[in-house]
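Q: Sequence:
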Amino acid sequence: MQRRRGLWLVFAVVLFGLAAWLMLSGQGEEEALPEMKVTFPNRLRPRERERMEKRRTYVLPLAQAGTVAEPQPVRPRDPVLAALPRGKGKTAVVIEANAIRHSPLGEMLLECLMRREGAELEKFKQQTGVDPLQDLDRMVLTDDGVILSGNFGDKRLKELLASRDATHYDYGTGARMYEHSYERTLPDGRVERRTAPPVGMWNDQMLVFGKNPNGVKEVIDRVEGRGPDEPPVISEGSTYGEMYGVISVEQLKKLFPPDQQELASKLAEVAENVELHVDASSDFAMTAQVKGSNADKVTDLGKSLGGVLSLARMKAQAEGEKELAQLLDFAKVRPEGDEFKLELAVPLEVIKQQLAFCREQQDKDSKQQEAQPTP
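As numbered in numbering that gives the first Met the number 0, residues 0 to 374 make up the sequence shown, in order.
FYI, nobody ran anything at the bench for these hints, they're computed from the structure. One thing to keep in mind: the hints can contain errors.
[As the list claims (entries may be wrong)] List time: in silico DSS-like cross-link candidates among lysine-lysine, alpha-carbon distance up to 30 Å:
(1) Lys314 / Lys351
(2) Lys122 / Lys157
(3) Lys302 / Lys331
(4) Lys340 / Lys302
All figures in this text were calculated on a predicted structure; none of them were measured in a lab.
Let the hints inform the model, and build the full structure from the sequences given.
A: This is the structure:
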């Protein structure tokens, strides 16, 4: 089951993993890159505002919407945003898988992905009745698990989730829980019983993978209005870009290399949260907004981070790494009072050059297959 679950994640993870890798690798040609301009995500654009409004599809049952004594307006809401964690120090990152799939960047990365995973993807579609490239809309990464939204109503998927003696039962007003366990015999003859990550399906449009059943139920509770009376960590006004969300400073510390742990500690000390936005509709452009309660400390942190980027740029220039040096030209730190924005980018033309090796390898494989004798 875990292997099949991994196929759900591979597309979006590969998209952003490859795009990040492009910033640090050198698969492209050695010629100098032309001067390029990148537009960074900073606010809701018309198409994203329209997308936001269309996603207000779920109306709470009257019992949750208000009482007769205290009537409240029943306003439709986005069930995915409602499912997100509440409170400070939480991580929730939304990947707009469907939007990326149909972007120029997504088309190029999909071409590379299908070379290796095409057969597995087709097998997955036949087994579950779900096509991740068409039926998966969004993927949400949190501290406690993964949330997928899309079209999950095919009976083959439900039969698969209920197979292998899984415990499954209704929960709330529109969800069903699936809890799996299995046994294996150890070398010494003892039988070990393990539990797989539980899965919750809500209204045939959301799958929740968690660490334990209670964690999955908490997500469903939030969707159906039984959660805490706090706003989600991502507001509607922050749903711009093809990837967006809030990352806790504790999670960010884990991403820093060993030689930058001093900067990581300063980030954890100063920042309250980091809001991330990535535009992958053309170029790969990212903004990370760092906020803190002490404006002076936030300013100092921005200067330190800017210094690290400047040193990396000079090192790349000195070592003749032209592509990396030019990419770092797009890396900026912009102070704004008690916060600052970090901007990073990979222009689409650069990505095309970097991904040229994928097409070349595909052509090479095709020629080798044609050269093989027919049995």
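Q: Please name the hints from earlier in the document that this structure breaks, with their numbers sorted from lowest to highest.
A: Hints that this structure does not satisfy do not exist here, as all of them hold.
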